[in-house]
Amino acid sequence: MRPTLLLSVLLAASPAAAQHWEAGAAAAVGFSSGRTAAGAAGQADAGFARGLGASAYFGQNLYRYFSGEFRYTFQRSDLRLTSGGAEVRFRGLSHAVHYDWLVHSRPAGARVRPFAVAGAGVKQYRGTGRESAWQPLSQFALLTRTREWKPLLNAGAGVKLAASPRVTFRVELRSYVTSFPDKVIAPAPGAKIGGWLHTWAPLAGVSATF
Amino acid sequence: MKLVSISAGLCLWAVAAGAGTFGTVVPIGGHAADLALDERRGVVYLANFTAQRIDVVPVAGGAVQSSINVTWQPGSIALSRDGRYLAVTHFWNFEPPAPNPVTVVDLDGNVRRTVVLGVLPLAVAFGADNRALILTAKDFRLLDPVSGTVQILDTIEAVGKKLPVPLVSFPPQIVQATMAVSGDGQVIYGLAEAAGGRVLQFGYDVAAGQVSARNLTTVPPFGPRVVSVNHDGSAWLAAWGLFDARGVLMAQFRNATGAYALGTHAIDSARGVVYAQIPTQVEGAAAAPPLLGILDADNLALRERIRLPENLAGKAVLDSKGDVLYAVSDSGLMILPVGALDKQPRVAARQEALVFRGNFCERGALTQELEVADPGGGRTDFRVSVSAPGVTVSPASGVTPARVRVTVDLIAYQNRRGTATADIEIRSVAAVNLPPPVRLLVNNREPDHRCAFYNVHGKLVDLLADPARDRFYVLRQDKNQVLVFDGSTFSQIATLRTGNTPTGMAITLDAAYLLVGNDDSQIANVFDLNRLQPTEPIVFQPGHYPRSIAASGGAILAASRVAGPAHTIDRVNLYTRNALPLPSLGIYDNNININTVLVGTPSGSSILAAMADGRLLLYNASADTFTISRKDFPALAGPYAAASNEQFLVDKYLLNPSLVPLRQFDIDAGTASGFAFVDQYGVRTSAPSAPAPGVIERIDIERAQSVRPTGMSEAPLVGETGAVLTRTLAPLANRRSMVVLTTSGFSVCPWNYDEAGPAPRLARVLSAADGSGALAPGALVRIVGADLGAAVAAQGLPLPTALAESCLTVNGRLVPMLAVSSGEIKAQLPFEIAGNVAMLLRTPSGASNTLNLTLPAAAPSVFRSGAAGPLTGLATVIRASNGEFVTLSNPVHRGDALVIYGTGLGRTDPAVEAGLAAPADPLASALIPPQVELGGVALHVLFAGLTPGHAGVYQINATVPGWAPLGMSVPLTIRQAGQSTTLEVRVVE
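If you're matching them up, the sequences are chains A and B in order.
If you read the first sequence in my numbering, its first letter stands for residue 1, the second for the next number, and so on.
If you read the second sequence in my numbering, its first letter stands for residue 1, the second for the next number, and so on.
Please note: incorrect hints may appear among the correct ones.
Below, in silico cross-link-like pairs of lysine to aspartate or glutamate (DMTMM-like), each with a Cα-Cα straight-line distance of 25 angstroms or less [claimed, not checked]: (1) B:K479 <-> B:D589; (2) B:K343 <-> B:D319; (3) B:K343 <-> B:D381; (4) B:K631 <-> B:D589; (5) A:K192 <-> B:E984; (6) A:K183 <-> B:E933; (7) B:K459 <-> B:E369; (8) B:K161 <-> B:D139; (9) B:K479 <-> B:E371; (10) A:K192 <-> B:E371; (11) B:K138 <-> B:D205; (12) A:K183 <-> A:E148; (13) B:K138 <-> B:D154; (14) B:K321 <-> B:D108; (15) A:K183 <-> B:D139; (16) A:K183 <-> B:E984; (17) A:K183 <-> B:E884; (18) B:K459 <-> B:D528.
Hints in this document: simulated from the structure, not taken from any laboratory.
The structure displayed is predicted, hence computed values, not measured ones.
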């Protein structure tokens, strides 16, 4: 019942929308691949736990099969270290802002429009947990209450489903890639954490077109 | 010129002004010569000598109720046992001549009879047979009051003063005769003046009807001219002497003036006490107010002193219950309800002494409570005062019962060593007694001073170890006691009562008996050491007071003070329990110095007599005579001892068996006190010798060298005028301890007292914060070394300056310590030192090497004492936002407030004494502000100074600016007074 009600409100709020523009919001779940923190004491898996997120976007149909959009994505995701059955978590979140190009397989106005997407932007990682003088597994990495910005690349694919001339449902799967946030998850002295941080995020949203 | 004060002499009684007194005075308007108590009629009869009447005073007091006028001066009166007859002897030897009568008053029939004797009657007393013994100038007579018949018993010669007499003469000085009867009426004792200034002393056995008399020569004069007898006649007091039924002087009042007309005494057999006022003269002593002494009836040891409203001046009698004492006094009669003394306001302290055990290394104050009470349980005012540096009492006055806090500020005793003594005086306006002062003892010892001292109150004058038992014996002179102590626990196990003023002890060769000589008794006490019980004493000749005794295999000898032309050595017969002066000392005259001590060799082969005038005598047991007499020294004083190998030590001289000086054991400083031969060496104590209050040292006898002189915790006793030769050291038979008479009582030194452990060694001093060499005034430091002391930690603040008997100083200033262990001392440096300083540690094993240090005004260092989880040694930099140590996982953030804990920031304003907790209001700020930088960026310092409630801990409160550099390892630097310390921290946004 609740999604239906929300949908009704959105419809009522966009009575005069044009079809060249699209504005919407989506819910997401982020899955990150951890990286290995290696040090003299051994190694640990450092990264982010699965977390829910939300995204807002504003796009424009630029061509018959192409569109572009700005997207902001917020994700709450704990910083995580695991090693030998031990796990340490530290509350965290991220903000991502990027511009994406979408290539549709069907022209604008089609009811169903699969698409592929790729874009770039920046992502801020933040540790927000409570710091303490002693953190377990700190011999590998230090989960830190701080923030850092990283350049962001993302790519994915999805499908848009026009429920009406004004309403479109949209599901997609994206992959976000940044370099590893080594200030928020700082390698301990003598330890190294290298490489890229991949985050997979399935999103489902609804947008208004006008 | 000697300053001699005569107590109760010329009314120098200012000290008594306003004080409570005991007793009611009944003035009679004349001088009383005698009194008699008539309990049946409830009156006291007073022979008003100068008014020629018998005044009758109710026993309850008040005024003279009536008088019986007589024709001649009543010199003596007595009431018959049945209470019917009052006999009055009249003393009149001037014009017109009197018939030398005795008036007999029949109190029931109110009839008088005059019996003419024809010879001057001097004194009268009734025996149990209801007949009156009358002493006349020529004989003893027995008067039957019923028939008036007189029977002459024996002839003697007695005298009285010839009238008229000079002004200010009193009846006892005129009549000079007195008599008293025992409580059971069976014995009458009396005194009179004999020709030639001698004293006629006599006793009359009522049942046998026999008189025995003797003439005595006494010094001082034999006054007060009063006789008192106990209930069964076995003991009696005459003037200043206590005699037994045989006439043996069992005890005498010390320093009596012998004044005839001043003082009195009475024996209460039931309570075992003597009530007495005996005027004394003590050189240099202040005049005393009239005082009634309450003394032990067997040896006259003083129990208590009671203030009197005026002097007593003649006979005193107790009522049959012993509750009221009636005594002739200056005004006439004094009535003293001694049985109700507990209802009188009195004041006394529960403790005889307060002992404060300080330490050279300790500061601050020690406090003890003095309990002041009225022995009768009443509420009596009191005032406590003490005249000693650093001693305060609170409250200084109050009402009994009360607890007075006596506080000793040890700082006042920092420059003293040993035991300082003072008297705590207790006074009262209302109290009738004169409480003895409480002895205050403040000991201040250094860590390497040896021997534990035990407080034993009183004047201790001799010490002997029992050769066969694990005991030792201490002679307490002021209470006439031998105190028996266990040689292992050093607890007192028995008290033996001696004669008056005991001076010396000896143990018989079979170790069965302890013999005690007395300076104010003509006996030597004998105690069975197996049962610790007294046995029959040894009786000396009249006038012989045994002061020193020694036993050998041949004889037991006593050096006696003699009230005569020569002091003598007397030979004791232990079986007959008497002693006789030797006719000669071998070929030598028996004429010794009054200050002579005797000591026998342990084997019993000989006895040495050492005299203060330098003369020596040797009694040889085999020859049973004195074989050697020498004088190689002008005088002798100090210790004396005898060895089994026939060597002797007197003063500092070692003597061979012929008393020829062998060697001389010189003493660097101070006065020798005790000496003992122990195995192949000697042990000597001496006092005082700076810096130690006393020294105990072994003497290499062959080389005459002192071996390892060791400081004692307090000084051994030394000789005094009249007793210059001392025996204050006794190695115990158990060979575990040596006992030394010292200021507080006695000290116990371990047998191996000089086997010291290794002396402490100081290696280096580090900051207690980070282990660096950053040292500064007021800083907490670690002193690293070896053998620094037993492990112990301070219990709190203020920090002690003596811990585990270790004492640390810097430039002579005491250093408060947190903990001591063998390898390290944690301490706080004093604030008052800077620059080049010298550190020294004293422990019971001795003093350390001197460690020289250089202290800048400040040298900050940050503690590395933090811990979190398994992490230790964290720098004590705290983030104010979460109160946790800054670590990699708790990094510094821009804008953070930090608290950095460290030490070494130097002096503060206000100044805080090292070892004390820093104040919170006002905060103690560092006089030199530190600068704090993070990665080269200055932090804003909000406060730098001592952390309240801690000693030596500083904190710096600072904020991190928003532009501080970030990094995993950013230097955090504290700079102050040209010194700096740096640590690295992680900084994040």
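Now for the hints, and whether the structure bears them out:
1. B:K479 <-> B:D589: It is violated: about 35 angstroms lies between the C-alpha atoms, which goes past 25 angstroms.
2. B:K343 <-> B:D319: The given pair, whose Cα atoms are some 18 angstroms apart, holds under the 25 angstroms limit.
3. B:K343 <-> B:D381: holds, 14 angstroms
4. B:K631 <-> B:D589: Answer holds: K631 of chain B to D589 of chain B is near 15 angstroms, not above 25 angstroms.
5. A:K192 <-> B:E984: holds, 20 angstroms
6. A:K183 <-> B:E933: holds, 23 angstroms
7. B:K459 <-> B:E369: holds, 24 angstroms
8. B:K161 <-> B:D139: Measuring from Cα to Cα gives roughly 17 angstroms; hence the hint holds.
9. B:K479 <-> B:E371: holds, 22 angstroms
10. A:K192 <-> B:E371: With a Cα-Cα distance of about 77 angstroms, the restraint between K192 of chain A and E371 of chain B is violated, given a limit of 25 angstroms.
11. B:K138 <-> B:D205: holds, 19 angstroms
12. A:K183 <-> A:E148: holds, 7 angstroms
13. B:K138 <-> B:D154: The hint holds at about 9 angstroms.
14. B:K321 <-> B:D108: At roughly 24 angstroms apart (the allowed maximum being 25 angstroms), D108 of chain B and K321 of chain B satisfy the hint.
15. A:K183 <-> B:D139: violated, 129 angstroms
16. A:K183 <-> B:E984: Holds, at roughly 18 angstroms.
17. A:K183 <-> B:E884: Distance ~20 angstroms between K183 of chain A and E884 of chain B Cα, so the pair holds.
18. B:K459 <-> B:D528: holds, 24 angstroms
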